[in-house]
Amino acid sequence: MIFYIIKKELKEIFRDGRFRISAGIVLLLAIIAFFITFKQYKNTTLQYDEAKKSERRVWESQGEKNPHSAAHYGNYVFKPKSPLSLIDQGVDKYTGISVFLEAHSRNEAGYSDAADQTALSRFGELTPDFILLYIIPLILILIGYNTFSKEIEGNTSFILKSQGVTGWKLVIGKWLAVLIPSVTITTILFVTAGIVLSNMDNYGLFEWKEICFLYLVYLLYYLIFTNIVLFISSLVKKSGISLVINLVFWVLACFVAPKVASDLADTRYPYPTHQEFNEQIAEENKKGLDGHDPWSDKAQQLKAEMLKKHKVDSLHKLPFNFNAYLMQKSEEHQAEVFAKHYSILKQQAKKQDDVYKSLASISPFLPTRFLSMAIANTDYQSHWDFSEAAEEYRVDVQRFLNGTTEKNSKYGERYVAPADTWKKLKEFEYVSPTFKEVFKQNTSIFLILVLWFVISSIVLFFTNKTY
Amino acid sequence: MFTYNFKYELKSLLRSKWLLLLSLTLLIVVLFAGYNGKEKVEKRVSGLERVTSEVKEKDNAMLKILDSFEKGIKTNQNPRTLPSAPMNVAYGYPRVAAIPAKALTFIATGQSDLFTHFVKPSVYGDSFSMDYTELANPVQLLFGTFDLAFVIIYILPLIIIAFSYNIFSEEKEYGSLKLLASQPISIYQWLLQKTALRFFWLTLITLVVIVITLLFFGFEFGSNFSSFIQLISLVVAYILFWFAVVLLVNILVNNSAKNAVSLLAIWVFVILIIPAVVGQMANVFYPIPSRTKMISEVRELKEELSKKQDKILDNFLRDHPEYATKNGTKNYSFWHKYTASQDLIEEELKPLIDSYETQLQKQQEWVKLWQYSSPAIIMQQSFNNLAHTSTAHYQEYRSQVAVFSKEWRNFFKPLLYSNKDFTTSMYKELPSFKYEAPKSNSVILKVVILLVFSLIFLSIGRQIFNKKIGKGSVIV
Chain A
1 MIFYIIKKEL KEIFRDGRFR ISAGIVLLLA IIAFFITFKQ YKNTTLQYDE
51 AKKSERRVWE SQGEKNPHSA AHYGNYVFKP KSPLSLIDQG VDKYTGISVF
101 LEAHSRNEAG YSDAADQTAL SRFGELTPDF ILLYIIPLIL ILIGYNTFSK
151 EIEGNTSFIL KSQGVTGWKL VIGKWLAVLI PSVTITTILF VTAGIVLSNM
201 DNYGLFEWKE ICFLYLVYLL YYLIFTNIVL FISSLVKKSG ISLVINLVFW
251 VLACFVAPKV ASDLADTRYP YPTHQEFNEQ IAEENKKGLD GHDPWSDKAQ
301 QLKAEMLKKH KVDSLHKLPF NFNAYLMQKS EEHQAEVFAK HYSILKQQAK
351 KQDDVYKSLA SISPFLPTRF LSMAIANTDY QSHWDFSEAA EEYRVDVQRF
401 LNGTTEKNSK YGERYVAPAD TWKKLKEFEY VSPTFKEVFK QNTSIFLILV
451 LWFVISSIVL FFTNKTY
Chain B
1 MFTYNFKYEL KSLLRSKWLL LLSLTLLIVV LFAGYNGKEK VEKRVSGLER
51 VTSEVKEKDN AMLKILDSFE KGIKTNQNPR TLPSAPMNVA YGYPRVAAIP
101 AKALTFIATG QSDLFTHFVK PSVYGDSFSM DYTELANPVQ LLFGTFDLAF
151 VIIYILPLII IAFSYNIFSE EKEYGSLKLL ASQPISIYQW LLQKTALRFF
201 WLTLITLVVI VITLLFFGFE FGSNFSSFIQ LISLVVAYIL FWFAVVLLVN
251 ILVNNSAKNA VSLLAIWVFV ILIIPAVVGQ MANVFYPIPS RTKMISEVRE
301 LKEELSKKQD KILDNFLRDH PEYATKNGTK NYSFWHKYTA SQDLIEEELK
351 PLIDSYETQL QKQQEWVKLW QYSSPAIIMQ QSFNNLAHTS TAHYQEYRSQ
401 VAVFSKEWRN FFKPLLYSNK DFTTSMYKEL PSFKYEAPKS NSVILKVVIL
451 LVFSLIFLSI GRQIFNKKIG KGSVIV
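Protein sequence lines correspond, in order, to chains A and B. Take 1 as the starting number for the first sequence in the numbering used here and just add one per residue. Take 1 as the starting number for the second sequence in the numbering used here and just add one per residue.
Because the hints were derived from the structure by calculation, they are not lab data. What you are looking at is a predicted structure, and each value in this text was computed from that prediction instead of being measured. Backbone N, C-alpha and C define an ideal beta-carbon position, used for all residues, glycine too. If a hint is listed, it holds; no wrong ones were tucked in.
Taking CB as the label site, the calculated pair distances span: (1) B:L21 x A:K237: 15 to 23 Å; (2) A:E153 x B:S459: 32 to 40 Å; (3) B:L21 x A:E153: 22 to 30 Å; (4) A:I159 x B:S186: 36 to 44 Å; (5) B:S373 x A:E427: 43 to 51 Å.
Just need the whole structure built from these sequences, with the hints factored in.
Written out as structure tokens, the structure is:
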């Protein structure tokens with residue numbers, strides 16, 4: 001029975017000219033989006049490799065130099081593109097790609113793509129995630145809005161009943177028929193992406209289980225949408241009204257809910273401006289040790305401590321270079337200040353995140369969006385991971401440079417390190433969080449999505465008994 | 001016929017409670033959007049006020065110290081940071097270079113959530129690579145703001161579609177069209193009037209709601225009347241465009257459900273697909289060169305130049321003999337070398353830096369050219385222009401800041417080289433920054449284009465209607 005219903009519905013769907021046109025357009029758009037994203041991905045990866053190599057070359061060929069000068073000269077670290085960004089670009093466009101690491105200050109990642117684009121890009125871009133998140137649900141609506149209402153309008157519901165069809169079988173049959181075309185498009189897209197990624201030489205840490213899970217998330221999203229579309233279609237007797245209600249739901253879920261969520265989050269837990277944030281840090285830094293100001297009280301205090309500890313009466317007699325030691329101590333203090341303020345900022349981000357999560361229960365779009373970005377490693381959390389790894393590396397670099405001066409020179413002398421010093425610094429390697437870690441962080445949001453599916457299914461199947 | 005039509009439409013609208021529901025929904029939505037916009041603008045204004053007053057305070061303190069110094073009174077200021085040394089002022093007392101909010105800024109967030117609204121360019125640092133991005137949660141940037149522009153560009157057409165997708169087909173489906181056809185009236189005129197009346201009511205409600213919102217958030221009509229008129233005419237033209245589309249679809253398709261599907265498809269195309277495609281094409285045809293590459297190039301150049309700093313200073317003095325010391329002593333400080341090489345760096349990097357701005361410029365020109373492919377793009381561009389939050393505005397701001405920071409450095413350079421003190425009398429001559437908005441195209445052209453679009457659709461509708469009348473397929 002179910003098989004017959006599916007066959008009949010599919011035949012009807014494929015006969016419909018509007019479906020054929022729109023499915024054709026979506027497939028074409030998906031191919032273009034995929035192709036463009038793939039090209040960009042390859043380009044960015046190439047640029048990343050080049051920049052990384054050239055950066056290291058510049059760093060190693062500094063020649064003879066004072067290590068603290070080298071610290072001010074600084075180094076750049078670059079954020080690698082995650083393989084699954086091919087499917088979901090997430091917030092990558094809005095976060096910078098490189099962090100400048102220097103002495104005394106922690107810098108934000110600079111040069112986001114969005115800042116280099118026109119305002120038009122804020123409409124949304126033709127990327128696979130745009131198709132997956134916005135357009136395919138629309139196809140589901142287009143196919144499913146009249147599944148039940150057409151039986152009433154065409155007076156076929158009585159004939160159906162007289163055939164002895166069971167309510168749940170009819171629902172399942174129609175449900176599957178609505179799903180099949182969209183799921184086919186999605187499957188093609190994911191399989192292509194998987195094959196392309198696994199065949200690339202330099203594809204980073206691509207894993208099939210990640211892409212499979214991503215596929216599962218989108219599948220759940222479409223199941224939820226299908227449930228809702230069929231539910232609306234079974235409630236409303238007229239196809240036109242059913243379509244309008246479906247459309248309103250789509251706009252509310254995909255456009256209005258995210259915007260309202262972001263406005264609520266920002267009003268309740270606002271971010272400081274760059275200026276404010278930097279001033280707070282500068283203010284607190286001033287209170288501590290300044291490596292460039294050996295005359296300050298704090299520095300004098302440290303000097304007295306060191307002299308006492310090593311039982312000598314002059315800095316010259318210390319077994320290490322006190323200036324470098326002072327510099328390192330001040331660096332440690334500053335790093336602490338930065339860590340403190342960034343953790344305050346992270347707290348604020350966490351609170352905003354909670355607002356988004358709590359609103360995920362009003363729109364199935366939100367949990368899908370967040371899960372998709374998280375699995376693709378293109379969400380805000382992965383940006384935090386990267387910038388924290390960069391900061392850790394920065395602190396290590398400073399320790400290495402100040403340590404070099406401290407060990408190899410005496411107090412009062414200007415130490416010039418030999419040219420091969422720079423090679424000894426370990427390279428920055430960023431490893432993005434594993435799938436397990438990502439999943440652990442996002443279990444609650446995944447549960448919300450599952451809950452959406454369960455509740456919408458229950459509602460659909462229990463309100464449909466009359467059919 | 002018109003009065004009957006008017007009365008009938010009004011009665012049926014009032015009875016179905018559509019009008020009430022619509023007005024209330026629009027009012028709430030628009031007020032909420034206005035509130036969001038205002039909140040952002042207020043944060044921006046208060047931030048700017050704070051920083052300006054801080055600078056003022058700091059200036060006053062500096063003037064006091066300078067005054068004491070000139071009178072020979074001793075102060076407890078660290079001699080290394082005395083403001084009588086010009087470079088200490090140039091470095092430690094930068095001016096605020098701000099892009100102020102305008103009266104209509106709150107209607108469209110545009111690019112304003114991406115960028116900072118004031119910088120303090122000092123004599124140290126690269127004005128070309130100054131960071132303009134604002135600290136923000138990227139998720140927020142991704143989702144965007146629920147602002148007035150969003151309501152008008154995205155939501156309003158949907159309201160129009162939901163409001164009148166079956167304006168004609170309904171009559172046919174209820175069988176009342178046959179009754180109407182038997183009357184001695186022109187069906188086309190009747191349909192046109194019916195649509196015009198709905199257009200009238202929706203426009204009236206929208207305008208009233210917008211005016212209430214503007215009043216509520218303290219918009220000054222007197223001094224900003226022209227921007228108000230521009231806003232209103234854009235909104236009216238946009239509503240007209242969508243009604244023309246609705247009318248055309250009603251005539252062409254004339255089946256409620258199919259109408260709704262077609263209108264939905266048009267909405268998706270005009271508002272989602274075309275802008276996304278045009279934007280993507282701008283990126284593909286005029287790609288912004290790699291920033292990672294720029295970083296490496298800047299560093300390599302700087303490293304190269306820093307090794308030759310003494311030579312650069314020599315060359316600089318040869319080019320600018322007025323700066324060389326008269327008695328031939330070569331007692332040049334860090335600042336001498338720095339300012340001399342900074343000029344060179346900027347000069348050398350200018351082509352590279354410009355390549356980003358010109359590419360962005362080209363992207364904008366592309367968008368400008370193709371904006372006519374979708375009324376949604378026209379609206380977004382015009383709203384951002386009215387709100388002063390467009391890409392062009394921020395680009396202009398950046399270039400003006402670059403000019404200003406050079407002016408700031410050049411003000412101190414003669415003092416540095418001639419070894420003169422900075423004095424209280426010079427304070428008034430300090431360059432200050434004033435942002436000049438770029439000349440934006442008037443919206444008249446855009447409104448006219450929207451009207452032309454509507455007229456084309458209306459006349460196509462008329463043609464099809466006539467054809468259908470000829471075939472006798474309008475009523476059955």
